[in-house]
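K.L.:
Fit chain F to the given chain C structure using the hints.
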Amino acid sequence: MAELAAWPLLSILLALPVAGALLTALLRRAPWAQWIALGTATMTLLCALLIVAAFDRADPDFQLLDSADWVSGLGVRYLVGVDGLSLLFLPATALLFCGAIVAGWRVRAAASPLAPGLYFALLLLLEAATLGVFCALDSILFFFCWEFTLLPLYFLVSLWGTGAGRQAAAVRYFLVMLAGGVPLLFGLLALVFGQAAGGALAFDLPTLLATPLPESTQYLVFLLLLVGFGVKVPLVPLHTWLPSLAMGAPAAVTALLVGLKLGAYGLIRFAIPLAPIAARDLHWLLAGFGTVAILYGGVAALAQSNLRSILAYASLAHVGLVLLGLAAFSVSALQGVLLQLLNFSLSAGGSFLALAFLQRRTASTDISQLGGLLRSMPVLSGFFLLFGLAGIGLPGTSGFPGELLIIVAALHSHTGAGLAALFGMVLAAAGFLAPFRQAFFGPTCNPDVADADDLLPREVAVLLVPGLLILAIGVYPLPVLELIRPAAEAWVAALAGL
Amino acid sequence: MNEVLWAAQAGYPPLATLQWLPLAAAVLLMIMREDDLALVLGRLFAVAELVVAIDLYARIDVTRNVLQFAERLDVFAYHAAADGVSVLFILLTALLGVLLSFYGMARQQLTPVQLLSVLLLIESSQMVMLTTMNLLWFAAASAVQLALVAYLLWRWASAREENLALSRFLQYQLFGWCLFVAGAVVLVWSHADVLGGHWSFDLFELLQTPQIGKYQSVAFYLLFYGLAIRTPLFPLHGWLPNSAGYGLIAVGPVLLLGVKVGIYGMARFLLPLTAEAVMIWQSYVVAFAMVGVFFAAIMAFRQANLRRLMAFAVVSHTSLIVIGLFTLHPAGLQGALLLAVNFGLAITLMLLMVGYVYRRTGTTSLDRLGGLFDRVPFIAVAFLIGGLSLLGMPGTPGFDAVHLVLEAAIETFGALPTIATALGNVAAAGFLLWAFQRAFLAPRPRDLPAARIARTSPMEYFVGGATLLVLLAAGFYPEPWLQLTDTATQALAAYFQHG
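Listed in order, the protein sequences are those of chains C and F. If you read the first sequence in our numbering, its first letter stands for residue 4, the second for the next number, and so on. If you read the second sequence in our numbering, its first letter stands for residue 14, the second for the next number, and so on.
Chain C extracted, bound-state conformation:
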């Protein structure tokens, strides 16, 4: 694999979707555009798998580095690389995007007078930006990709969303994220200034990690970054954009938004390791936000009447659990966190993709309009159930090992919060199973539901991959955990070494 590692694989990974986006935007005729988009997404997925293959499992450091001068006057560089913490996000992202593209197959032409190629071009741009967030090792490059995700999302939601509230939801999302970008940028700037202390400014993560920050600055940096990432996570008081967006966005786009937890990644990658003293001191803040999110998300999900908003609130509870795991600062908890994030990509992403397929058939995901789905669409129902069970952490699915690791660690480090998390699991189960029963069992009252066809082969193919992965990881999570271990140990050691 050594010769493979010498290739600029990450740059290729980032360039592929950009090139595909340009191509689809130019060739806007429907049949070609979607094939090119799918081909690009598949190649990106292959490239991501190559990266996993070329990755040296024993090395906890950043690998496959690729760099170039960008704005040398400001000390900003193009620098990408992966380590064990970010590695698995790449294939997960690429996989979800493949699904989102198939979910947008052919319907887009009917739904809107706009060129369908544009839809796929925007999706691919979003993919490039999202992958960029996971690969970027320069804080300004990271911020650049972070903010750049907004633009395609804004258009995807406002132009192809569902319901009357989609435009308001798109603007709200855009503004909330921009406002969140302010503390984020300031946090990064404060960080860089704090470390430069009169010397040359360096924005790249390896340098930033190597030079410890003065303790007083750490609190400022940590809190700013926590707010900045917290908006995206979302932390509970900052979450108001999520339900409206989950209702307004196209379901496939929601799968991406909810499935890829950029905010949590930001906390793991930037906020905690760069301000370790502050993070360790303020662990109660993370645990507190986590607990509140678990309970609030669980209860709020119970009160929803639409499958999409149920899943949106459930994802709120999911990230709550992730935060709680982070607050434990232990290797097993961090492994659990990363495994859980991966699981959410598969389960929440898969659920929303299934909902996208459902929405196309029934034109609604409101429980009152559904009922008896199991009879007309058994395969879809089966997938939805599997994803839902993985979301609530049933043993045998990929949700279980991560959740177990997190809760064990949390009971150890924050006992009260751990108990609350246990209770939250019960809430989550109720929040998923009750609406599942209402929507999928029972009498069929909506003629659309009765007439609907089950999944097409291509749709089955899209759901099958995450479904199988959920089962495989659920039964045998060890390879994934081992992949994460060296980097997780280094991460925890850096925190503990203070």
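Keep in mind the hints are simulated off the structure, nothing from the lab. On a predicted model such as this, the values are computed, not experimentally measured, just so you know. All residues carry an ideal CB built from backbone N, CA and C; glycine is no exception. Errors might be hidden in some of the hints.
[Stated by the list, open to error] If you want the ones that stay clear, here's a sample from chain C, every Cβ over 10 Å from chain F, calculated: (1) Glu6; (2) Pro34; (3) Trp35; (4) Thr165; (5) Ala182; (6) Ser371; (7) Gly419; (8) Val429; (9) Asp454; (10) Ala455.
[As the list claims (entries may be wrong)] Reference listing, derived: stretches of chain F covered by chain C, where coverage requires no fewer than 3 residues with Cβ under 8 Å from a Cβ of chain C: (11) 105-114; (12) 435-441; (13) 449-459.
P.N.:
Just chain F now, kept in the frame of chain C:
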């Protein structure tokens, strides 16, 4: 302050060429008849001007801390020179000249050749302002330019109520101009006192004599408010919303706002000449500017017309530029000047796109627009990217510039006021997005049938695409512009470092 004569750097006097070329073209066009040949010729001249400007950029040595391409003619007190900052503004002016010559002369336009010749005259006066080293020349060119813009607003007016806008415009600008001249006189007079009666408006000579003490604050305020009205800066922006709401769409506002000569004037004359007073009054100016960011954002939310809304967007972001300028920090100065150029280009793009919308719909009232994205997606996207550039989205030149301004502002004023300002900037993003949604994405009103909205024409693709290309290229690769302005802004910041 030192200079290099033009003969050492080029085979021809580039600054004089920049000033005379559009003037000659304008005279030529006035003589010619209204026909297509004259239009083509006029556009060629505009392009030639851009070529000269690019040549100037290629020849300037950005590493030397001197003013270059100097030209002197003592009889008329003519003294022109350029550094990295002026070259940046000159490039922008020449680019806007080309864009406007293609945009403004649409077929349905009244007497397009005359309009083009007035545009070229205005461009010439702009070049004088950007190259001269003499306060009096600056003031004179400014007066000529304002008179020309006023003529343009009057001659190509399309409705009666515009006379009100015009008179408001004249009142404000005349007042501002008088303040500027008065400031210049106070300044030069007190210098003359020191020098024993020798009057000179030349920047070099004024900088060589020692600082003038007690009259400096007076001179600072007169010059500052004179330029602030021109810029326009809160609370002196009263002329803008009215004149932006009426008049020939896009052309007039682009001339006034595209190139921020007010900001340039501050960097070239005000900051070095009244350095002590600037340091005394720094915090007052910045406080006003911070209020301005928010005030304009709130006012923009209350507008129902796209053009008036953009006028307030200008006031809001101009305040941000002034904050950057008055950090008096090298990074802040550089950021502010880059921001001025970026905002100029971005607002130009937006105004031109609004102009295209107006040509289709006959209105810029947000209530009567909607659903344009389906018909003219290119115009919509160009408008949006212009808007994103205004708020410093990564990938646009606004990002690096805002970034520099914020860095400097944190160091100078601390984190909290800076964060507040940045949030004000996000508020500005709010109204632009809101306007974008109303005009382009919201359902189309019934009295605006889709068939009436023509598809984007090749000329529109060209004008919008060229602007977009420049904007995005500068955004993704800002290095050349940073290098161009680096030495000059360091030199400017040096005036404030001893204190």
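K.L.:
Which of the numbered hints above does this structure break?
P.N.:
5, 11
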